[in-house]
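Colleague: Order-wise, the sequence lines are chains L, U, G and F.
Using my numbering, read the first sequence as starting at 51 and increasing by one per residue.
Using my numbering, read the second sequence as starting at 51 and increasing by one per residue.
Using my numbering, read the third sequence as starting at 51 and increasing by one per residue.
Using my numbering, read the fourth sequence as starting at 51 and increasing by one per residue.
There's no promise every hint is true.
The list treats identical chains as interchangeable, and a pair is accepted whether it falls inside one copy or across any two copies.
Pairs of lysine-lysine residues, derived as DSS-like cross-links and limited to a Cα-Cα distance of at most 27 Å, are as follows [stated by the list, open to error]: (1) Lys299 x Lys414; (2) Lys405 x Lys299; (3) Lys140 x Lys408; (4) Lys140 x Lys182; (5) Lys299 x Lys374; (6) Lys136 x Lys182; (7) Lys351 x Lys374; (8) Lys408 x Lys136; (9) Lys85 x Lys182; (10) Lys136 x Lys445; (11) Lys408 x Lys299; (12) Lys351 x Lys408; (13) Lys405 x Lys182.
To be clear, the hints were calculated from the coordinates, so they are not data collected in a lab.
There are 4 protein chains.
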Amino acid sequence: MGDTNKNVARMIYYALHALQHRGQEAAGICVHDGKSIHSYRGIGLVAEVFTETQIALLPGAVGIGHVRYPTSGAHTLENSQPILVKYRDKTIAVAHNGNLVNSGELRSELEGAGDIFSTTSDTEVIAHLLVKEIQRYDLADAVRAVMRRLVGSYSLAIMCNDTVIGLRDPLGIKPLCIGAIDDGIVVASESVAIDALNGRLIRDVAPGEMVVLRDGEMNCIRLVNSPRPAHCIFEYVYFARPDSIMDTKLIYDVRVNIGSILADEHPADADIVSPIPDSGITMAVGYHQRSGIRYKECLMKNRYVGRTFIMPDQSMREAAVRMKMNTIRPNIEGQRIVLVDDSIVRGTTSRRIVKMVKDAGAQKVHVRIGSPPIIAPCYLGIDMASRDELIAAHKTVAGVETVIDADSLGYVSLEGLIRAIGLPEDHFCTGCLTGIYPLDIPGERSMSSQRRLTDFPPNDGGG
Amino acid sequence: MGDTNKNVARMIYYALHALQHRGQEAAGICVHDGKSIHSYRGIGLVAEVFTETQIALLPGAVGIGHVRYPTSGAHTLENSQPILVKYRDKTIAVAHNGNLVNSGELRSELEGAGDIFSTTSDTEVIAHLLVKEIQRYDLADAVRAVMRRLVGSYSLAIMCNDTVIGLRDPLGIKPLCIGAIDDGIVVASESVAIDALNGRLIRDVAPGEMVVLRDGEMNCIRLVNSPRPAHCIFEYVYFARPDSIMDTKLIYDVRVNIGSILADEHPADADIVSPIPDSGITMAVGYHQRSGIRYKECLMKNRYVGRTFIMPDQSMREAAVRMKMNTIRPNIEGQRIVLVDDSIVRGTTSRRIVKMVKDAGAQKVHVRIGSPPIIAPCYLGIDMASRDELIAAHKTVAGVETVIDADSLGYVSLEGLIRAIGLPEDHFCTGCLTGIYPLDIPGERSMSSQRRLTDFPPNDGGG
Amino acid sequence: MGDTNKNVARMIYYALHALQHRGQEAAGICVHDGKSIHSYRGIGLVAEVFTETQIALLPGAVGIGHVRYPTSGAHTLENSQPILVKYRDKTIAVAHNGNLVNSGELRSELEGAGDIFSTTSDTEVIAHLLVKEIQRYDLADAVRAVMRRLVGSYSLAIMCNDTVIGLRDPLGIKPLCIGAIDDGIVVASESVAIDALNGRLIRDVAPGEMVVLRDGEMNCIRLVNSPRPAHCIFEYVYFARPDSIMDTKLIYDVRVNIGSILADEHPADADIVSPIPDSGITMAVGYHQRSGIRYKECLMKNRYVGRTFIMPDQSMREAAVRMKMNTIRPNIEGQRIVLVDDSIVRGTTSRRIVKMVKDAGAQKVHVRIGSPPIIAPCYLGIDMASRDELIAAHKTVAGVETVIDADSLGYVSLEGLIRAIGLPEDHFCTGCLTGIYPLDIPGERSMSSQRRLTDFPPNDGGG
Amino acid sequence: MGDTNKNVARMIYYALHALQHRGQEAAGICVHDGKSIHSYRGIGLVAEVFTETQIALLPGAVGIGHVRYPTSGAHTLENSQPILVKYRDKTIAVAHNGNLVNSGELRSELEGAGDIFSTTSDTEVIAHLLVKEIQRYDLADAVRAVMRRLVGSYSLAIMCNDTVIGLRDPLGIKPLCIGAIDDGIVVASESVAIDALNGRLIRDVAPGEMVVLRDGEMNCIRLVNSPRPAHCIFEYVYFARPDSIMDTKLIYDVRVNIGSILADEHPADADIVSPIPDSGITMAVGYHQRSGIRYKECLMKNRYVGRTFIMPDQSMREAAVRMKMNTIRPNIEGQRIVLVDDSIVRGTTSRRIVKMVKDAGAQKVHVRIGSPPIIAPCYLGIDMASRDELIAAHKTVAGVETVIDADSLGYVSLEGLIRAIGLPEDHFCTGCLTGIYPLDIPGERSMSSQRRLTDFPPNDGGG
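Chain L on its own, in the form it takes in the complex (with noise of 0.2 Å):
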């Protein structure tokens, strides 16, 4: 995220907000008063790490910030973002959204050169790549070298000094976009973080391009090209907030769409059709338009459950679940329900619900999923579980269904999916949901050909 206004830090504040569902284990934000780089990161959600003191001690017109999603590791302050590095002159922030698969060898050669490192985390060994590159390249070959490198998913914010840099991968995996607000451009993952700046949404950010903001101007110029992108499928089906436009796509026509091509492949003979909340609510209004079935919600969320929450012992074991959701046992009893969610990642969750939902008295409960089975890890970035822990990767639809003990499970096709969203078939990351992946990832199968970057034609450049 940059901007040219004076009090940066509170908009960007204010955007990680709006980004928070991206990521709750820390935040960050470095802003540049057109001396030097002020940097404020903590534990937390955004409105607990910064305060007013907080923000006032970071003066500066441009700036990034970052949300941290828990991937692996400690809940440690080292691994927060945005990293900082310094070298002569400069100092360099980098805040990623992404996973890189190669950044062990990365690191094993940066060191063989003798680079030494602060923390663990592949967003050090970018910052490390940058700051090497810029000392013998102008900005967009040094960019356009450090994305040679790089195999994985990252979308970044960098600050080099006062300049700030957007850049999305040449797959264009995870999500980037430019808005345009009262007097400046911001860069953000989801186009909700311009809303809540007030700001117009302009653009995706293109797979491979480098967007710059100095002095109050943008350039944007592609670095780099692949034969066609391949957008994370699961930012649709459960990641990114319904109100964001991401590739041009509104999420929640997408979900409405999703539940309405599940109940075209797995009608259900219900009374009533009932989100698991909240991710299910968009695809659940979806899903009764088409069928007719009436709409009636089973499961209340409650909506205060924080942080420090104490979780129920050994011994309210079975409580654990309703401390987040209740049933609404009067639109359950004797009813019968479809249960619409988004996805079944180990099957726990779900056999918890579908038991709450039959001890209140259900007749029937039919389960309709909105993406296809996740048969195989995420490598790019969403923290999904091991393949051992994927339900369906050692299972069968009829298996699971066993498992979670529903009536009738039913999962929306990978076509179905993709006719929901309506970009081409071949332009996504769908690796969970077929074990192929765009990226050469070791001991997994990839669509070789994809990966084919070649250098963006110099004309295609620009602002």
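Knowing the structure of chain L, use the given hints to seat chains U, G and F on it.
Modeller: Relative to chain L, chains U, G and F alone:
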């Protein structure tokens, strides 16, 4: 809330968590361990106030808890509850939901008799009255004597040494219900607290009834009778959770019914119906079902706004509402939209939301409200604003329509609302909607007949 | 403490800070802004409880404050002071230094008359008595009436609406003094609080005297007379700061005198004299001066041990005392040492220190104590331990010498101590040293003559 | 600090606590549990940063710790220590006491070779050099190679995986010593850290010596030799604790000697000699012993001033020093007083104290200082102020006397100071007192002969 389980503080913690929507200002728990009372209170949400350490310092098999609703006064710990008073060998803890109308008079009278207070709360007045009467009479007679003195709304949880008492005022203004859990009895404001403990709702506490929990046994006695109850009608419209059953009615059903009746009373020529989240969701579903107009969300709420969130300052005031709620622009552009909400208090928020939706490109915005106009203040426990601030106290519906800039505005009728609930029409307090109160309130009109309290015929008691 | 300055909370903060040694458990400030009372209390040191924000929320030109000494009871906020009680149009805040002997009786009697309490503290009893009498009499008569009822030690700061009152018990057990600052008057427990505000000590408050500060004016009235005072002798030995002047005597001088008299009464054949820091320092200087034995420190205190310090567990118990105090081994080896301390309570610490010093190579350790043996508990405000725990209550001096493993042990005589102070011999409470108390204490012996209180002749009052 | 005990984090905690006077800004501990390094750092005192929980999260039998002295830079967590760097299979943690003179050059050079940094601290420069050399050489040669590059003062605790290294710079500028505890070896800045663990001081680490602790064994190797050491003379005057033994000398004795020599060099016709607490106490005792002038304290320090203390604002500036120190007026009135302090830096505090003592009625105030005038800045680890701020850099003794308004002013001579310490006269760094430094410092004069470092003859090593 009372229970005979060993780890009762932990259970009260979960129950309070389920009731968190009833008050976010402060939370407190008192327990009795067979010898003495232990108490802890703090400012903030239940999950913020209590840690494992605090819970561990509250040993005991019986107890009561409270979440404080921010009415008047500063956020001081002194006014948090349960309030404790000590008298000879007795320690009495009182948790109060509601508001006394005559607390000033009672306080003066008690002061006339020499009573000295530590707080400004009306709960301390109740505690003093109770202590006095308990010296003279047995428990039932003492509580009856206190009830004769109190004018106002009061659902009370009282702990007198190791006896826990639940008490509901003679008009049953505020809710109170009884549930059975594995090894004990719970009395709580809403049935969701019983659900959280995996318990079973037994029934509502009757107006004027006292529930005594002692040595693992429950005794119920109706102490005072009133010609008819006066349940707060706003609990159904707004305050209670949709998954609660209150005075035999499921709130979810009531709100669907309200939406349905709204559709009949105020149809609209529109493309979509959308709730103002969260309060309008269930009513919007009802409107959609009855009208056949497509259900589509136009507004998305940010789930992460917390206590410490830094709100935009003057220069970004427009953005304030945007931090909490975002428009889904593509769902809005060119559409004729029915926006459903539960109520309009000052009109400020409604005006801002209508503006946001119009700015996002709506062709028409028809506002539909699930309650009649609020024309008078609440003296009985809901912090609704003063008469001056209430927009409908000074303007006709057409006037409000103009102020909020809606293309049309329709409120459900009082008759429609009562029909949606399904209880007899004279069983409600409708003070805020009619200006006529079930109790004598200085300067206001009252249904004088209602408050002719009589002692309940002794043969009606029992457990 | 009272003052007519605008920013009085800030000044009280500094005064409390100077009095921090009198109580580290909790701190509180109440101020009056001309309209109402504002109050804030918290657990911890003054500097921990109050921030700039808290001070800013306490506007007012008059006020009182308190630091709480950890006597009995848990570290609960409820027992922190000033205690506030409300009665009709009056709010009365009371801060109390001392201990009532008859608070149980008074409480029962007040309860008999219907009084209800919020805490278990004797200060609330005083507040209740005061509220009652103020209804009936003018201020002087009301306070006199209260004093007739109280048996015990009590220096009080009272704020009744915007009037501040300082009051000292008829025996003057606890200290209280008056000072002038730039634009106001201060009443405080020790003169160092006046020094902290750059003020000038005017005089001690006389036993039985009331100081009234109102509208910038001071009025002093002696309300109750006693044949002679009974100043707590332990204030001189241990409790007060050396730089305070108390009942006309500089504590520093008193302690040098004690050391000097100790040297006469218990000379030693030694190479060096060393204090046990910090309490023994001034006495050791006196011993050195009188005896001519070289002053050399053998023990060094760590200044940084704070509230949250993690003390060694079982496996390192020996180290516990080492965390607070270190031996200076080269100053000790082969030396015959006089170790000077102010008192021995349980004997445990003395034993550990003698062992440490011997382990560090001392040839002889002669212990000299600046008070006579403590043979009886204190009922009047110093938390000294129960009779069971007091080593000198059960052992002769020779017995104590054996337990602490000193080569010789000498206590100053009571006569010597009184001579060191320089006030008449019958002007002290020496309960802990003699077992004879100036007040009737059930089960203890008393100087029954002393408590024949009479009203002070009216012509003695005035300011 | 290193040790083979199981609960080493806890022991490091106690050792750091004993060294708290060496740095109050931040504290950190790193331990190795046989597999990996665990680390925790925070802003504040040791007792504020670490809780039982934090200690429990630091398992391991070896470790190092650090307390940070507030030199330049903001109070940022990033500059706190130990600093961690990661390189291939090694994690290296470095804790540094001292200051590099050539860190800018080294940093540039490393950057020239491509090194990238995460902080602005010179400790990270040391860590990088070390990582590089360790790839090429065995440990002793690697460390020797690093030492050849470093110009400045550095006592280092290094942990390279599970090997702990203590290292003292070739001039021995900063202290470092070795101690034996029950089941292990400790290397620490001062012997009081060994005392805290009930250990026994073995000896000082020699200048240029490396101590290696691995698998419970200690190996000592002198790596680099210098013609003579250059111990920081200010450690003796002010910085070290009186109970430490440093380079074989007990600090307490040194300070008594200083006082004694001061009395010879600058006698005074006075009634009493009084320290400025705490730093002047031991010197004042020495002055008293030699001069025969009575020892009597005139100033009393408040022990409770902490980090969060609210200092007086403009309107009370006079009071600022009063918050920390109070005059004992009766000890001062009419007296001719010798005030003894360790040093004068800016003169501001001395002036305020002299004024306070005169305001309290002193007839004469003779100031005696236990160090020669500070005429030049320290580049080697003590935050003394810039040359501009140093009062004695610009004024004669008579000039300083006038500024601080003393009746006479006497500094101990450099010869006297060195005699008081008792080490050879050319074994010190006296840069701040003479302007001549033992190292080449750009723009300053140096004892150029001193820094002719040679490798230590190999037969001198050993343990």
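Colleague: Checking lysine 351 and lysine 408: alpha-carbon separation at most 27 Å within a copy, between copies, both or neither?
Modeller: The answer is within: 18 Å in one copy meets 27 Å, while 30 Å across copies does not.
Colleague: At most 27 Å between CA atoms: does that hold for lysine 405 and lysine 182 within a copy, between copies, both, or neither?
Modeller: neither (56 Å within a copy, 50 Å between copies)
Colleague: Have a look at lysine 299 and lysine 374 and pick one of within, between, both or neither, based on CA distance no larger than 27 Å.
Modeller: between (31 Å within a copy, 23 Å between copies)
Colleague: From the Cα coordinates, with 27 Å as the cut-off, is the pair lysine 136 and lysine 182 best called within, between, both, or neither?
Modeller: both (11 Å within a copy, 18 Å between copies)
Colleague: Could you figure out if lysine 351 and lysine 374 sit no more than 27 Å apart (CA to CA) within one copy, between two copies, both or neither?
Modeller: Both: 6 Å inside a copy, 18 Å across copies.
Colleague: Classify it for me, lysine 299 with lysine 414: is the Cα-Cα distance of at most 27 Å met within a copy, between copies, both or neither?
Modeller: between (35 Å within a copy, 24 Å between copies)
Colleague: Checking lysine 408 and lysine 299: alpha-carbon separation at most 27 Å within a copy, between copies, both or neither?
Modeller: between (37 Å within a copy, 22 Å between copies)
Colleague: What label fits lysine 140 with lysine 182 when the C-alpha limit is 27 Å: within, between, both, or neither?
Modeller: Both: 11 Å inside a copy, 23 Å across copies.
Colleague: For lysine 405 vs lysine 299, is the C-alpha pair at or below 27 Å within one copy, between two copies, both, or neither?
Modeller: between (36 Å within a copy, 25 Å between copies)
Colleague: For lysine 140 vs lysine 408, is the C-alpha pair at or below 27 Å within one copy, between two copies, both, or neither?
Modeller: neither (62 Å within a copy, 46 Å between copies)
Colleague: Have a look at lysine 408 and lysine 136 and pick one of within, between, both or neither, based on CA distance no larger than 27 Å.
Modeller: Neither, since 59 Å and 48 Å both go past 27 Å.
Colleague: Given identical chains, is lysine 85 near lysine 182, meaning Cα to Cα at most 27 Å, within a copy, between copies, both, or neither?
Modeller: So lysine 85 and lysine 182 pass the 27 Å test inside one copy only (22 Å; across, 32 Å).
Taken one by one, the earlier hints fail for this structure at numbers 3, 8, 10 and 13, listed in ascending order.
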